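S.K.: Chain by chain, the residues:
There are 2 protein chains.
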Amino acid sequence: MARLITLLESGHPDAQREGAELFPHTGRALVIGITGPPGAGKSTLVDQLIAEYRRRDLSVGVLAVDPSSPFTRGALLGDRVRLRSFVDDDHVFVRSMANRGHMGGMSLATPAAIRVLDAMGMDRVIVETVGVGQSEVEIMNAVDCTVVVEVPGMGDSIQTMKAGVMEIADQFVVNKADRDGASRIAQEIRRLLRERGVGRRDNLVVSTVASTGVGVDELVTAIETFLAAQRASGELERRRVRQLHTELERHVSQKAQHRVMAGLHSKVTEDILNALQHRTRDPESIAAALIDESLNVDANSPVGARRAGR
Amino acid sequence: MARLITLLESGHPDAQREGAELFPHTGRALVIGITGPPGAGKSTLVDQLIAEYRRRDLSVGVLAVDPSSPFTRGALLGDRVRLRSFVDDDHVFVRSMANRGHMGGMSLATPAAIRVLDAMGMDRVIVETVGVGQSEVEIMNAVDCTVVVEVPGMGDSIQTMKAGVMEIADQFVVNKADRDGASRIAQEIRRLLRERGVGRRDNLVVSTVASTGVGVDELVTAIETFLAAQRASGELERRRVRQLHTELERHVSQKAQHRVMAGLHSKVTEDILNALQHRTRDPESIAAALIDESLNVDANSPVGARRAGR
Numbered sequence: 005m006a007r008l009i010t011l012l013e014s015g016h017p018d019a020q021r022e023g024a025e026l027f028p029h030t031g032r033a034l035v036i037g038i039t040g041p042p043g044a045g046k047s048t049l050v051d052q053l054i055a056e057y058r059r060r061d062l063s064v065g066v067l068a069v070d071p072s073s074p075f076t077r078g079a080l081l082g083d084r085v086r087l088r089s090f091v092d093d094d095h096v097f098v099r100s101m102a103n104r105g106h107m108g109g110m111s112l113a114t115p116a117a118i119r120v121l122d123a124m125g126m127d128r129v130i131v132e133t134v135g136v137g138q139s140e141v142e143i144m145n146a147v148d149c150t151v152v153v154e155v156p157g158m159g160d161s162i163q164t165m166k167a168g169v170m171e172i173a174d175q176f177v178v179n180k181a182d183r184d185g186a187s188r189i190a191q192e193i194r195r196l197l198r199e200r201g202v203g204r205r206d207n208l209v210v211s212t213v214a215s216t217g218v219g220v221d222e223l224v225t226a227i228e229t230f231l232a233a234q235r236a237s238g239e240l241e242r243r244r245v246r247q248l249h250t251e252l253e254r255h256v257s258q259k260a261q262h263r264v265m266a267g268l269h270s271k272v273t274e275d276i277l278n279a280l281q282h283r284t285r286d287p288e289s290i291a292a293a294l295i296d297e298s299l300n301v302d303a304n305s306p307v308g309a310r311r312a313g314r
Numbered sequence: 005m006a007r008l009i010t011l012l013e014s015g016h017p018d019a020q021r022e023g024a025e026l027f028p029h030t031g032r033a034l035v036i037g038i039t040g041p042p043g044a045g046k047s048t049l050v051d052q053l054i055a056e057y058r059r060r061d062l063s064v065g066v067l068a069v070d071p072s073s074p075f076t077r078g079a080l081l082g083d084r085v086r087l088r089s090f091v092d093d094d095h096v097f098v099r100s101m102a103n104r105g106h107m108g109g110m111s112l113a114t115p116a117a118i119r120v121l122d123a124m125g126m127d128r129v130i131v132e133t134v135g136v137g138q139s140e141v142e143i144m145n146a147v148d149c150t151v152v153v154e155v156p157g158m159g160d161s162i163q164t165m166k167a168g169v170m171e172i173a174d175q176f177v178v179n180k181a182d183r184d185g186a187s188r189i190a191q192e193i194r195r196l197l198r199e200r201g202v203g204r205r206d207n208l209v210v211s212t213v214a215s216t217g218v219g220v221d222e223l224v225t226a227i228e229t230f231l232a233a234q235r236a237s238g239e240l241e242r243r244r245v246r247q248l249h250t251e252l253e254r255h256v257s258q259k260a261q262h263r264v265m266a267g268l269h270s271k272v273t274e275d276i277l278n279a280l281q282h283r284t285r286d287p288e289s290i291a292a293a294l295i296d297e298s299l300n301v302d303a304n305s306p307v308g309a310r311r312a313g314r
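Chains as they are written, first to last, in my numbering: chain A, 5 to 314; chain B, 5 to 314.
Chain A with its partners taken away, still in its complex shape (with noise of 0.2 Å):
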């Protein structure tokens, strides 16, 4: 599995290959992200749901995703450490994977890695992200529930939620509810979802003491809940349609930037590097004269046409 993981990562030709065959064998999994800022506890929090899952005896594979920054890296493989509690469980599988720098990245990257958990027969597939920036949004579009996880005490954290979490959120966990400040965040929640006229669910904010346990067989149950109301609905098989449409935009993205910029080199003559020395042509200017001639999406254009034609 983590052989495997790694082959997609690193973009290698085979990856491709491997992801086709692998595709057919999915689907079956269920997929849990927990997102939400640093210091959150996000990852007590999922050493927690893991032991939940196998007291209820459900195989449950982990990918801890560090989007932010090339040089968090360590940071986040030392939390990993904790984990070793189940390194003698086969039924729990670990992995991280950090921002290599690549273009479509973790957003690519994700949910590649969870179909080969899913493959692997793993029940639930629990994606971790640390932070709450677009990356990780992104990453929360290839899962089946996304959890946020708040805590009392960050004073920014409802405006982060205002800007943006709140939109993909399906659960809300208030962690290190023993502290000052819980229940406040806990109805500040509420009131926003009031305000936008979701939330009428049961349980959808709930809270957590990850460090004691207290409260994540009521989190696992809501999640549950939600997963299975989904499922009876059809949501979840059309959101999973949305969210692999969405994929294959961005590897067409990504694809296209990739050839484009293999034919690049080539095309980028002396005369066009004194021009930009001497100031006389723009890079913009230039890159979409270069574009021009490398692409034939245009099927008003004679050969557009012909290709649009046969």
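Simulated from the structure, these hints should not be mistaken for laboratory data.
Source: prediction; values computed, not measured.
Possibly wrong hints are sitting among the right ones.
Same chains, same label: a pair holds when it works inside one copy or across any pair of copies.
Claimed, not checked - Straight-line alpha carbon distances no greater than 25 Å define the calculated DMTMM-like cross-link-like pairs of lysine to aspartate or glutamate that follow:
id: 1; residue 1: Lys271; residue 2: Glu241
id: 2; residue 1: Lys271; residue 2: Glu25
id: 3; residue 1: Lys271; residue 2: Glu297
id: 4; residue 1: Lys271; residue 2: Asp61
id: 5; residue 1: Lys271; residue 2: Glu13
Fit chain B to the supplied structure of chain A, relying on the hints for placement.
M.R.: Quick look at chain B alone, frame taken from chain A:
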């Protein structure tokens, strides 16, 4: 100036034309980048740099760029309030730019905005970034002198430098130099520089206390000495051509994406969505097939050969 920068940020069709018209009038300003970890006091240092440059009778444009997250915009804009002390000075212009989530993003918007300030006659342009991730490294690819700010008391700051910032730094600052550990940080930077066989220049590491202005005069002198030497050796010009070449490649990459994506909608048929839903064809294989239909970069294909030969 502000309206023009907003236009260039917006990706509006007029932006390319405006950028092209500006380009021949650029290249005069010297551009200084300031980067370093959050909490290093970069904003305060930038305020002091503005004041010092004004004492030297040079005009200063400032771009404060936050590429890290769509959710941190507020904090950065809040910081900028302090700059109101320069609000009546016509020779100082300050602009915040936040990540709008465009493909290509800040690494294309930043050089465009720098050129506006340059063309408008600013003697120096200071680009301040928040954080030390990959985006910041990309933004620093648009400046003539990259200044990396470190502070005592941040456990992993030297680790950060080892991981990538060391390579892009032209000038180091140890800010908050009145704190414990400041001289140790400066020594550690000098040791790392020696290990890499660079760093013989005087004043390559300058200590400052931005809150009181201590060391700022020395820092500006170090930056100006570096820039003068770069110009005299021809390296300033060579570096700028390299940067413009990189910018050209990014524009090509972005435009390739946009063109292909624009043509994609009609190509994702019901059949394709069914194949995804029933997992008979995986997203990457479908993407590869769509790209083969859309792109004409293979000179061996009949159509490619036709285009290449005309």
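S.K.: If you test the structure against every hint from before, which numbers come out violated?
M.R.: 4 and 5
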